[in-house]
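Here the protein sequences line up with chains A and B, keeping their order. Going by this note's numbering, the first sequence opens with residue 1, and the numbers climb by one from there. Going by this note's numbering, the second sequence opens with residue 1, and the numbers climb by one from there.
Misleading hints may appear alongside valid ones.
To be verified - Derived coverage of chain A by chain B (criterion: at least 3 residues anywhere in the stretch with Cβ under 8 Å from a Cβ of chain B; other residues may be distant): (1) 35 to 46; (2) 62 to 71; (3) 105 to 115; (4) 137 to 151; (5) 169 to 175.
Claimed, not checked - Capping the alpha-carbon separation at 25 Å, the derived lysine to any residue pairs in SDA-like fashion look like this: (6) B:Lys174 <-> A:Glu202; (7) B:Lys174 <-> A:Phe175; (8) B:Lys218 <-> B:Leu191; (9) B:Lys174 <-> A:Met177; (10) B:Lys174 <-> B:Ala161.
Simulated from the structure, these hints should not be mistaken for lab results. Virtual Cβ for every residue (Gly too), placed ideally from N, Cα, C.
There are 2 protein chains.
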Amino acid sequence: MTQRVPVIERILGANDRLAADNRARLDAAGVFSLNFLASPGAGKTSLVEQTVSRLAGRLRLAVIDGDIATSIDADRAAAAGATAVQINTGGECHLDAVMLQGALEQLDLSAIDLLIVENVGNLICPANFALGTHKSILVASIPEGDDKPYKYPGTYRGVDALVINKIDLLPYVKFDMDYFRRGVAALNPGLVTFPLSCRTGEGLEAWLDWVTACVRMK
Amino acid sequence: MTQRVPVIERILGANDRLAADNRARLDAAGVFSLNFLASPGAGKTSLVEQTVSRLAGRLRLAVIDGDIATSIDADRAAAAGATAVQINTGGECHLDAVMLQGALEQLDLSAIDLLIVENVGNLICPANFALGTHKSILVASIPEGDDKPYKYPGTYRGVDALVINKIDLLPYVKFDMDYFRRGVAALNPGLVTFPLSCRTGEGLEAWLDWVTACVRMK
Numbered sequence: 001m002t003q004r005v006p007v008i009e010r011i012l013g014a015n016d017r018l019a020a021d022n023r024a025r026l027d028a029a030g031v032f033s034l035n036f037l038a039s040p041g042a043g044k045t046s047l048v049e050q051t052v053s054r055l056a057g058r059l060r061l062a063v064i065d066g067d068i069a070t071s072i073d074a075d076r077a078a079a080a081g082a083t084a085v086q087i088n089t090g091g092e093c094h095l096d097a098v099m100l101q102g103a104l105e106q107l108d109l110s111a112i113d114l115l116i117v118e119n120v121g122n123l124i125c126p127a128n129f130a131l132g133t134h135k136s137i138l139v140a141s142i143p144e145g146d147d148k149p150y151k152y153p154g155t156y157r158g159v160d161a162l163v164i165n166k167i168d169l170l171p172y173v174k175f176d177m178d179y180f181r182r183g184v185a186a187l188n189p190g191l192v193t194f195p196l197s198c199r200t201g202e203g204l205e206a207w208l209d210w211v212t213a214c215v216r217m218k
Numbered sequence: 001m002t003q004r005v006p007v008i009e010r011i012l013g014a015n016d017r018l019a020a021d022n023r024a025r026l027d028a029a030g031v032f033s034l035n036f037l038a039s040p041g042a043g044k045t046s047l048v049e050q051t052v053s054r055l056a057g058r059l060r061l062a063v064i065d066g067d068i069a070t071s072i073d074a075d076r077a078a079a080a081g082a083t084a085v086q087i088n089t090g091g092e093c094h095l096d097a098v099m100l101q102g103a104l105e106q107l108d109l110s111a112i113d114l115l116i117v118e119n120v121g122n123l124i125c126p127a128n129f130a131l132g133t134h135k136s137i138l139v140a141s142i143p144e145g146d147d148k149p150y151k152y153p154g155t156y157r158g159v160d161a162l163v164i165n166k167i168d169l170l171p172y173v174k175f176d177m178d179y180f181r182r183g184v185a186a187l188n189p190g191l192v193t194f195p196l197s198c199r200t201g202e203g204l205e206a207w208l209d210w211v212t213a214c215v216r217m218k
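Given the sequences, and given the hints that come with them, work out the whole structure.
So this is what it looks like as structure tokens:
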């Protein structure tokens, strides 16, 4: 196993340089960008749909979707009103900076205010690969359970905001919000957090206001 | 990136040899073993708890839990009545055969009929690393959504049985069971499937009967 370590370090070094290039390109074009991280099925694509459809009148949006296979997510983002590009990783468990670089080449960045990158559904690997986006957003969800910050500390530690999706399911599952929030606070004190439901719309306004403020402050 | 490929191939080759060693060791001791795969929060640990507590009078059970961090899962398995060993991968996104080898050394295999290995919560990477266990079980869950077979084909293709957990949440979420099952059938025709709820107990008997039959037929 030990022989793998130096190779991965070289790859991560190259990835960080490409991520810096991506950031510079986004900044030069005046694009603000978010990287959505989550478990499979936490609701990244539903949050993309809600964000796109509700901000479409105010901001020019584009979405880059990462998946092992299919264009299901990009199709949903496009149907919600965004310019959408699908990346199929062909088995890779995360996006990396070179994949984002390729996707950026397919977009007219001068026509975009907000770019959302939806990473591969995975609570572990994507956190290790910078893309060059401005902020990372973790989408957690109630039915995943309240122990996830404790069990996936690396991802919780590295993000800039936390969405707690599917709060409409709180009456039907065992989820101790205080225990969950204590776990988050120990890893990422003061993390801005948005409990919401993409299904019912509850809590979405605070999230949309925050995103809009991020874009305007850029 | 291309330089990474041959190194990973060598690692996988070594992993397969160690997995074969693990299998031989389990067979020699008469232990039947299952490898549980799932997204974070699909309910692997709840299924371990239910399986252990309901089969404890009939079979001698042990559980090996893989996680990035904490012993939450092994503690739950032990509380349910199993001998439990926790593996903390320290960041690795999957178990591999050498980790299982180390955990097997901590167990008295002659005193075990059924060993459950609970892999790291991840729908992608664990499927690429054989452990030497006899059957792989995928635990899906209703709130994850009905598109997961289409988006994570590698994991759905490689398993020997599918548990569909949290069916008690069907009234509260959008989930087209026919669409889900068509996706599964295209990847893994005839896959034995157990819709159930670890929370309500519905459907558990069929799963427990199947596990018991697997152990007895060994």
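Outcome of the hint check:
Figure legend: the region 35 to 46 of chain A, annotated as covered by chain B; annotation consistent (3 residues with Cβ-Cβ distances under 8 Å, at least 3 required). Judged by the Cβ-Cβ criterion of 8 Å, the region 62 to 71 of chain A is covered by chain B as claimed, because 4 of its residues qualify and three suffice. Coverage of the region 105 to 115 of chain A by chain B is violated in this model, with 0 residues showing a Cβ closer than 8 Å to a Cβ of that chain against a need of three. A count of 8 residues in the region 137 to 151 of chain A with a Cβ less than 8 Å from any Cβ of chain B is obtained; the coverage claim is therefore met, three being the minimum.
For the region 169 to 175 of chain A, the assignment as covered by chain B holds, since 4 residues bring a beta-carbon within under 8 Å of that chain's beta-carbons and 3 suffice. For the hint linking Lys174 (chain B) to Glu202 (chain A), the alpha-carbon distance of about 17 Å falls within 25 Å, and the restraint holds. The straight-line distance between the Cα atoms of Lys174 (chain B) and Phe175 (chain A) is roughly 20 Å, inside the 25 Å bound, and the hint therefore holds. Taking the CA atoms of Lys218 (chain B) and Leu191 (chain B), the gap is near 20 Å; set against the 25 Å cutoff, the hint holds.
Under the criterion of a C-alpha separation no larger than 25 Å, the hint pairing Lys174 (chain B) with Met177 (chain A) is consistent with the structure, at around 24 Å. The straight-line distance between the Cα atoms of Lys174 (chain B) and Ala161 (chain B) is roughly 24 Å, inside the 25 Å bound, and the hint therefore holds.
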